[in-house]
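Fit chain Z to the given chain S structure using the hints.
There are 2 protein chains.
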Amino acid sequence: VRTYVTPSRTTEGHPRGPIIAIGGAEDRSVDGSVLGRFVELAGGTDAKIAVIPTASTLDDTGDRYIEVFKSLGARTMVLPYRERKDAARTDWLDTLERSSGVFMTGGNQLRLSTILGGTPVATSLRRLNAGGVAVAGTSAGAGFLSEHMIAYGDEGFLPRARMVDLMPGLGLTNKIIVDQHFRQRDRLGRMFTALSANPFAVGIGLDEDTAAVIGADDVIEVVGAGTMTVVDPSEVEYSSLAEASDGDPIGLVGIRLHFLLPGWRYDLNQRTATPVPN
Amino acid sequence: VRTYVTPSRTTEGHPRGPIIAIGGAEDRSVDGSVLGRFVELAGGTDAKIAVIPTASTLDDTGDRYIEVFKSLGARTMVLPYRERKDAARTDWLDTLERSSGVFMTGGNQLRLSTILGGTPVATSLRRLNAGGVAVAGTSAGAGFLSEHMIAYGDEGFLPRARMVDLMPGLGLTNKIIVDQHFRQRDRLGRMFTALSANPFAVGIGLDEDTAAVIGADDVIEVVGAGTMTVVDPSEVEYSSLAEASDGDPIGLVGIRLHFLLPGWRYDLNQRTATPVPN
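If you read the sequences in order, they're chains S and Z.
To convert, note that position 103 of the first sequence is 104 in our numbering; the numbers rise steadily by one, no gaps.
To convert, note that position 68 of the second sequence is 69 in our numbering; the numbers rise steadily by one, no gaps.
Hint data in this document are derived by calculation from the structure and do not stem from the laboratory.
Note that the coordinates shown come from a computational prediction; the quantities given were computed from them, not determined experimentally.
For glycine and all other residues, C-beta sits at the position ideal for the given N, C-alpha and C.
This list has only true hints and no planted wrong ones.
A short, non-exhaustive set of chain S residues, derived as facing chain Z with CB atoms under 10 Å: (1) Pro160; (2) Asp187; (3) Asp208; (4) Asp249; (5) Pro250; (6) Ile251; (7) Thr275.
Listed below are several chain S residues computed to face chain Z (Cβ distance under 10 Å; list not exhaustive): (8) Val231; (9) Ser241; (10) Leu258.
Derived DEER-like restraints, expressed as beta-carbon distance ranges: (11) Z:Pro81 with S:Met168: 55 to 61 Å; (12) Z:Thr46 with S:Glu244: 32 to 38 Å; (13) Z:Phe201 with S:Tyr239: 24 to 30 Å; (14) Z:Arg163 with S:Glu236: 30 to 36 Å; (15) Z:Asp28 with S:Gln271: 42 to 48 Å; (16) Z:Glu236 with S:Glu244: 25 to 31 Å.
Just chain S, same shape as in the assembly:
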């Protein structure tokens, strides 16, 4: 029986691989800094990349990524898991196990969790990352990476009871809750709400074409074009969530908030931000 821990246990002396959460709508040209960084972290021209388009219901979702990754010199295969029984296919599992990088596309994060959750594919993804493999997701794929996944939510910056639903995600880390299309879809309030119940995690809000590259040392580098919003609830003194009825505004005291630009860093363990002035 496998013990489920978050993240999967690493082997002594072997750091886990990078986790790359992308806010969606990233530049998909060969010059795009986000996809370029992912391929580099997966091994560059030695990379063997598995693309998992499961979040999407479109047949061609993986195609553009294959084209870009191949242009960047990486060997690339699509693993088109469409239903739970696909997750048992040993040929695809073999391909997955030999990859040096995994990329999950956008779509609906509930397709990723309902089709891959609890399957050998999920176990493999967790073990691969623990063993050093780079695992990336964009949009829905980014939301799925962490232990607690935002499944649904409403717009606006003000936290309100029941404005967000969390469901279990892949669990590569439980230190962050990730949200994407962050500025574009006005998602700050649902992040405050997601953190208002149990302020142990850090909220990472990613604008489009913007990635959080989370190293083995839990230091995040911002890559891409936009802002990474960090919501640190570690100093929250009070949350009124337990007293709030559906839709009520939530009172919160002591949120720390940072807006980080490309190149800037955030240390998830120290809870410190490092700006990189021009």
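Quick look at chain Z alone, frame taken from chain S:
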């Protein structure tokens, strides 16, 4: 020559009057908690209230307030300043000087500042408040109360260079920057931007039908139906504003943020929030 200091000097042993900033669209029935609190602070059934409808271009803007204030037992007069020369009218100044409470309506805060700024009316308002008189403003009237007034701005939660313009306001205090219709008009980002240049003040974002009642001790009580958002930039470690071009996102590290509900308090000097659990 009068020396211009913010706020106006108080007389030894005589605390200044309350400042009541209202987020607009307050309940204008006699049962409305915001207007009720203002009348109470102005003296209740002994109150003599001057209504200044200058922010509005409508002729009847003051009428509804007169009706409510009179229903609550206060004597009430309208001082319809419409152009700068009106500010010299000694009969109106006499009425103003005898008031125990002043109420500025909504409209456009630039009408208040362009018509009353630098006139004997502004001086009188500052002196009255320093002498103990309650001064309230709703919507545009609220924005005008402080030394630094938000004149224009854009929507969205992410701070961006040039998304807000500050102009000089009435100057009853310089400890806060006030914004109104805060949740309803999506104004969190312009508040971050307003504070990103010089993080000495505290941002007070007021939802509709919600008031900040600022006592002589600089403790704010939230009154009304909505949330008061407090943006405390006193721990900001870095702002990229000086390096940003027009429209660029601004990087900011170390904002403190609170969402306060009705009845809760915020101490502007200690920078502490006090929740009042149900």
